[in-house]
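Visitor: Protein sequence lines correspond, in order, to chains A and B. Take 46 as the starting number for the first sequence in my numbering and just add one per residue. Take 46 as the starting number for the second sequence in my numbering and just add one per residue.
Just so you know, nobody snuck in bad clues.
Identical copies go unnamed one by one, so any copy, or any two together, can satisfy a pair.
Each computed DSS-like pair below joins lysine-lysine, with the alpha-carbon atoms no more than 30 Å apart:
| # | residue 1 | residue 2 |
| --- | --- | --- |
| 1 | 157 | 144 |
| 2 | 164 | 142 |
| 3 | 174 | 217 |
| 4 | 212 | 164 |
| 5 | 144 | 216 |
| 6 | 164 | 140 |
| 7 | 212 | 144 |
| 8 | 140 | 157 |
| 9 | 157 | 142 |
| 10 | 71 | 217 |
| 11 | 174 | 155 |
| 12 | 157 | 174 |
| 13 | 174 | 164 |
| 14 | 63 | 174 |
| 15 | 144 | 174 |
| 16 | 204 | 71 |
No wet-lab data here; the hints were simulated from the structure.
Protein chains: 2
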Amino acid sequence: MTLIILAHPTFDESLANKTIVEELQKSNLAIEIRNLHELYPDFQIASQTEQEVLLRHNTVVFQYPFYWYNMPAILKQWFDVVFEQHFAFGSKGDKLKGKNFLASFTVGGKEKDYTTLEKHHFHVYEFCKNLEQTAYFAQMNFVEPIYTYRTSLADGFTKDEIRNVAKEHSKKLINRLIEMNLYNYPQ
Amino acid sequence: MTLIILAHPTFDESLANKTIVEELQKSNLAIEIRNLHELYPDFQIASQTEQEVLLRHNTVVFQYPFYWYNMPAILKQWFDVVFEQHFAFGSKGDKLKGKNFLASFTVGGKEKDYTTLEKHHFHVYEFCKNLEQTAYFAQMNFVEPIYTYRTSLADGFTKDEIRNVAKEHSKKLINRLIEMNLYNYPQ
Numbered sequence: 046m047t048l049i050i051l052a053h054p055t056f057d058e059s060l061a062n063k064t065i066v067e068e069l070q071k072s073n074l075a076i077e078i079r080n081l082h083e084l085y086p087d088f089q090i091a092s093q094t095e096q097e098v099l100l101r102h103n104t105v106v107f108q109y110p111f112y113w114y115n116m117p118a119i120l121k122q123w124f125d126v127v128f129e130q131h132f133a134f135g136s137k138g139d140k141l142k143g144k145n146f147l148a149s150f151t152v153g154g155k156e157k158d159y160t161t162l163e164k165h166h167f168h169v170y171e172f173c174k175n176l177e178q179t180a181y182f183a184q185m186n187f188v189e190p191i192y193t194y195r196t197s198l199a200d201g202f203t204k205d206e207i208r209n210v211a212k213e214h215s216k217k218l219i220n221r222l223i224e225m226n227l228y229n230y231p232q
Numbered sequence: 046m047t048l049i050i051l052a053h054p055t056f057d058e059s060l061a062n063k064t065i066v067e068e069l070q071k072s073n074l075a076i077e078i079r080n081l082h083e084l085y086p087d088f089q090i091a092s093q094t095e096q097e098v099l100l101r102h103n104t105v106v107f108q109y110p111f112y113w114y115n116m117p118a119i120l121k122q123w124f125d126v127v128f129e130q131h132f133a134f135g136s137k138g139d140k141l142k143g144k145n146f147l148a149s150f151t152v153g154g155k156e157k158d159y160t161t162l163e164k165h166h167f168h169v170y171e172f173c174k175n176l177e178q179t180a181y182f183a184q185m186n187f188v189e190p191i192y193t194y195r196t197s198l199a200d201g202f203t204k205d206e207i208r209n210v211a212k213e214h215s216k217k218l219i220n221r222l223i224e225m226n227l228y229n230y231p232q
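When you get a sec, could you build the whole thing from the sequences and use the hints?
Guide: Laid out in structure tokens, this is it:
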């Protein structure tokens, strides 16, 4: 089973993230979605509940918009309180060992803007090292993140354009999840 | 004047961050400290209040412990709600232009562990690109972060050792701030 940790402060008004989640729901994949802002509007995340949920799954997908070159705050809070010593790391902290860690996120702007001489100066993958090392430290399998550009109205893209790139994103994500299930990834 | 944005979920029990803040308070620097967890225990950060505070200062220091190779969640929430379009970025969003952006944080483990073949695999500066680009996008001056290793009891360091490295950290931070004031940095 695949767990979707959804972190979007205004999910109901979102275009890209909502489309991606809807496409996941329409697929035949066995998924469980946890909408963090809906569950924890005051950010008081129940660590034990979340840990119990994690134990039921082999794959965890983190679905969110890229905010300030990073994850939204509530997802960081989720890591801060759920990935505890003796659970996610430390001498007895091997409860997540072998589970797949897959970040799936939407980037507002264009790919070209994420290059050295353009306005975001860095490639998106350069901002993903904290994710990668978080997975390693919890002995999880870091799966290459899936991310899609051009998902923000503020950056000048239309609703249709955004829904279309979000659908392409969903296809990639769903195929990756099917592949991982089929081949029992990791081997 | 220097603004200290303090982000520590258990500041009163902290050793390193508490020592650093106490040393800053003992210095002759004109500082204003905002303890985010004390001000906003439910993470509902008042963006307008925080924006007004920012306008009073030339330098912003972000003081926090390094959690999961990143800032604590409440500081991310602060960026997510305070660095709004038309304030921090966008065609009219130049309110932070020219202000200094200085991250000051404590790292639990040893420097050696933050190398490719050791348990944290990356150098700390590799995890700082989101900070750097956040500063650039808000037209702020990104000052090289100040960070100190060996600040966690869980990593086997003693209270005295931690207080000592925190005092060294404070000296560096205070000197950097004095220098910046003296030379009216940036020129």
